[in-house]
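**Q** Using the sequences and the accompanying hints, generate a full structural model.
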Amino acid sequence: MDKVIAFPMMGNYYVPAKYLFSRLSNCKVLDTPKITSKTIELGSKYSPDFLCTPFKYTLGTFIECLEDGANTLIQMGGGCRYGYYFELQEKILKDLGYNFKYYNLVSKGHTDIYEIYKKLKEINPKINIFKSLYYFLITYKMVKFMDYIDDYVRKNKAYDISNKFDKMVSDMLKSLSETKGIISFIKTKNKYKKLIKNIEINKPNNNIKIGIIGELFTLMEPYANNNIEDMLIKYGAEIKRFTTVTYLLFEKKRKSKKYLKKLGNIKYKMGADAMDNIYYTKYLIDNNYDGIIHIKSSFCTPEIGSMGIINKMCEDNNMPVLFLSMDSNTSNVGFETRIEAFYDMIEMRKRNE
Amino acid sequence: MNKCYLGVDIGSISTKGVIIDDNYNILSSNYIWTLGNPIEAVKKLMNTLTVPENYKLCGIGTTGSARKLIGLMLGANVVKNEIIAHAIGTLSFYPDAKTILEIGGQDSKIIILNNGIITDYAMNTLCAAGTGSFLSSQSKRIGVDINDFGNLALQSKNPVKIAARCTVFAESDLIHKAQLGYKKEDIVAGLCKSIVLNYLNNVGKGKKILEPIVFQGGVSKNKGVVKYFNEILNTKVIVDDNSHLMGAIGIAILSSKENHDELNLNINDIKFETRGYECKGCSNSCEVIRIFKDNKLIDSFGNKCEKGVVEQFNK
Chain P
40 MDKVIAFPMM GNYYVPAKYL FSRLSNCKVL DTPKITSKTI ELGSKYSPDF
90 LCTPFKYTLG TFIECLEDGA NTLIQMGGGC RYGYYFELQE KILKDLGYNF
140 KYYNLVSKGH TDIYEIYKKL KEINPKINIF KSLYYFLITY KMVKFMDYID
190 DYVRKNKAYD ISNKFDKMVS DMLKSLSETK GIISFIKTKN KYKKLIKNIE
240 INKPNNNIKI GIIGELFTLM EPYANNNIED MLIKYGAEIK RFTTVTYLLF
290 EKKRKSKKYL KKLGNIKYKM GADAMDNIYY TKYLIDNNYD GIIHIKSSFC
340 TPEIGSMGII NKMCEDNNMP VLFLSMDSNT SNVGFETRIE AFYDMIEMRK
390 RNE
Chain L
41 MNKCYLGVDI GSISTKGVII DDNYNILSSN YIWTLGNPIE AVKKLMNTLT
91 VPENYKLCGI GTTGSARKLI GLMLGANVVK NEIIAHAIGT LSFYPDAKTI
141 LEIGGQDSKI IILNNGIITD YAMNTLCAAG TGSFLSSQSK RIGVDINDFG
191 NLALQSKNPV KIAARCTVFA ESDLIHKAQL GYKKEDIVAG LCKSIVLNYL
241 NNVGKGKKIL EPIVFQGGVS KNKGVVKYFN EILNTKVIVD DNSHLMGAIG
291 IAILSSKENH DELNLNINDI KFETRGYECK GCSNSCEVIR IFKDNKLIDS
341 FGNKCEKGVV EQFNK
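Chains P and L supply the protein sequences, listed in that same order.
First residue of the first sequence: 40, per our numbering; consecutive thereafter.
First residue of the second sequence: 41, per our numbering; consecutive thereafter.
Think of the hints as simulated: they come from the structure by calculation, not from any bench.
Accuracy of the hints is not assured; some may be wrong.
[What the hints assert, rightly or not] Keeping only pairs whose Cα atoms sit at most 27 angstroms apart, straight-line, the calculated BS3-like set for lysine-lysine is:
| # | chain 1 | residue 1 | chain 2 | residue 2 |
| --- | --- | --- | --- | --- |
| 1 | L | Lys-320 | P | Lys-77 |
| 2 | P | Lys-67 | P | Lys-165 |
| 3 | P | Lys-273 | L | Lys-320 |
| 4 | L | Lys-320 | P | Lys-206 |
| 5 | P | Lys-248 | L | Lys-197 |
| 6 | L | Lys-320 | P | Lys-321 |
| 7 | L | Lys-138 | P | Lys-389 |
| 8 | L | Lys-201 | P | Lys-84 |
| 9 | P | Lys-389 | L | Lys-245 |
| 10 | L | Lys-276 | P | Lys-73 |
| 11 | P | Lys-291 | P | Lys-194 |
| 12 | P | Lys-180 | P | Lys-219 |
| 13 | P | Lys-42 | P | Lys-133 |
| 14 | L | Lys-245 | P | Lys-351 |
| 15 | P | Lys-130 | P | Lys-157 |
| 16 | P | Lys-291 | P | Lys-308 |
| 17 | P | Lys-389 | L | Lys-248 |
| 18 | P | Lys-248 | L | Lys-248 |
| 19 | P | Lys-321 | P | Lys-351 |
| 20 | P | Lys-389 | L | Lys-43 |
| 21 | P | Lys-273 | P | Lys-291 |
| 22 | P | Lys-296 | P | Lys-279 |
| 23 | P | Lys-273 | L | Lys-138 |
| 24 | P | Lys-180 | P | Lys-226 |
| 25 | P | Lys-273 | P | Lys-292 |
| 26 | L | Lys-247 | P | Lys-248 |
| 27 | P | Lys-351 | L | Lys-247 |
| 28 | P | Lys-351 | L | Lys-138 |
| 29 | P | Lys-170 | P | Lys-180 |
| 30 | P | Lys-389 | L | Lys-247 |
| 31 | P | Lys-57 | P | Lys-213 |
| 32 | P | Lys-160 | P | Lys-133 |
| 33 | P | Lys-273 | L | Lys-245 |
| 34 | P | Lys-321 | P | Lys-306 |
| 35 | P | Lys-213 | L | Lys-320 |
| 36 | L | Lys-247 | P | Lys-321 |
| 37 | L | Lys-276 | L | Lys-201 |
| 38 | L | Lys-43 | L | Lys-84 |
| 39 | P | Lys-321 | L | Lys-248 |
| 40 | P | Lys-351 | L | Lys-43 |
**A** As structure tokens, then:
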């Protein structure tokens, strides 16, 4: 039986993921379907009710992929309950009668290139270490480049005069997905690096700057957060988001130690990204941001632990903060009211400073 | 000719409308039930509000959960969320207010003010615990008219304890207490108290509630709830005679700040209709809400991409 690979959906990261797996596995890699209301419906139906929504989203995506003919599923674990998704999802999907192999590339929240290589070797025994390293390197560079562009877009999209960012980003993703080797990647990279800098922006001096922090999946998948970034950009805000795949996979181990030291009053990491988010709060306060939005999926335990501390820090420093819990609800009227009011409040405060 | 401005606040339970002049005096106002049909409610409301002689209507604002729809229907020049509207409305009467407690039909909020600026706010999250709709559904259950609720609660000397955290628990508590034979007024008083406790534990959690405190929204008309706010906060909350209209007044004030010539308002003979539609453009299957004015599509929302926009449908 030919292997057909599928992996969960999160933001635009399907482009480098598909690139890596298709180069290394020599198998067909499915185009993961974008998350829709059908995905979350499927996911919720077969998940324990009190599990967080990322579990439901990824399970829904896997069911859709299995229906499309996938038989090799790839999941990446994390430093919270996410780390146990693998076992539970495998069991649920097997109980549903699907036939597949399931691989967890990142376990216990650590990225170990050699471990990943070993697992990929199971999928495709023909790969060698040099070829793997070569494609790992390109994928790493691609993710890093995408995060760099995204960061620039978040900072400047609200002030884009000619409305060119959206088109540019979708063109870029298309070019990236057609990457062959390192040379074609560097060509694409240089092209879009130059293009993005040439987009005319008109940023006022005292623009409103909002930091978005919270649980990783809900932050990075626009469907899961009701497209909060675009909403804020439409109002005219500059956005800072720290959580990216570059950070989680390649920088977290090193940087989180530094953050812990800088925070001083926090003695241990509190699980997942809770401590990181507390550090980001400190950063946003120190750098005179105008507001913080903390967003998480319902029942996200590490973030619940961080919320109290973040709330106190914001209160002490007179920093507006909005906590949002996302679940599988589809109407976003109430969500919009809260975001709009938060933005108006910040604007009012700023005008009266 | 003097100028006047219309503000409409369309909530889940009630629809409020005011007409104010340049000095924020109320020229005409009304409060009716929405009954799940905002379009009909606003039509009814507009029949009862009158622009006085020698006045011309120069601004229309809408707020509340149906603000988008009604804003389209009335051709409003300002459509804003209810948090801002409530704050602006309250500040025009109580410029030194520090805290606004608001309990409405489906949501409740707290707004913290400092020198006339909103500095913080919180709103109830996913569920409707401790809001007006809970009170009105329970009043039906125990057979007390919602208008008599407050007065009945004041008669109680011994309010029953009712779980304040969650509506579902509160309701089962309530049923059990009723079956144990508690007096009606004690149960009603217990309910009022649970609303206050729920509000302070959920919405008001971690917020500094400083005086002067203004209490508004439909539930502020309930004397029982006011009594327990005073008792628990150990102070006296201000309840304005127009506390239920504050959102509408606020949005009318906001509309007055934008300069406009006379606006024409005629909605009675026009048919408005909302039709839901599941877009088949892509796998997102957005539920697109389309607003028709005399069978002509005037706007749509709920779409995630440009496939759902108005022009596409008009083609």
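**Q** Does Lys-291/P pair with Lys-308/P here, judged by a C-alpha cut-off of 27 angstroms?
**A** Judged against 27 angstroms, a Cα distance of about 11 angstroms means the pair holds.
**Q** For the pair supplied as a hint, Lys-320/L and Lys-321/P, confirm whether the alpha-carbon distance does not exceed 27 angstroms.
**A** violated, 45 angstroms
**Q** Is the straight-line distance between the alpha-carbon of Lys-247/L and that of Lys-321/P 27 angstroms or less?
**A** holds, 20 angstroms
**Q** Are the Cα positions of Lys-291/P and Lys-194/P separated by 27 angstroms at most?
**A** holds, 22 angstroms
**Q** Would the pair Lys-43/L and Lys-84/L pass a check requiring their Cα atoms to be no farther apart than 27 angstroms?
**A** Holds, at roughly 23 angstroms.
**Q** Decide if the proposed pair is consistent with the structure: Lys-389/P and Lys-247/L, CA atoms, cutoff 27 angstroms inclusive.
**A** holds, 21 angstroms
**Q** Can you confirm whether the C-alpha distance between Lys-138/L and Lys-389/P stays at or below 27 angstroms?
**A** holds, 18 angstroms
**Q** Keeping to a limit of 27 angstroms between CA atoms, is the pair of Lys-321/P and Lys-248/L held or broken?
**A** This hinted pair holds, its Cα atoms lying about 22 angstroms apart.
**Q** So if I understand the rule, the pair passes when the alpha-carbon distance is 27 angstroms or less; does Lys-67/P with Lys-165/P pass?
**A** holds, 15 angstroms
**Q** Does Lys-133/P sit within 27 angstroms of Lys-42/P, going by the straight-line distance between their CA atoms?
**A** Answer holds: Lys-42/P to Lys-133/P is near 17 angstroms, not above 27 angstroms.
**Q** Do the alpha carbons of Lys-57/P and Lys-213/P lie within 27 angstroms of each other, as the hint requires?
**A** Between Lys-57/P and Lys-213/P the Cα gap is close to 12 angstroms, so the pair holds against 27 angstroms.
**Q** Just to be careful, I want the Cα atoms of Lys-389/P and Lys-248/L compared with a cutoff of 27 angstroms; is the pair within it?
**A** holds, 21 angstroms
Checked against the numbered hints listed earlier, the structure breaks hints 5, 6, 8, 10, 20, 21, 23, 25, 33 and 40; every other hint is satisfied.
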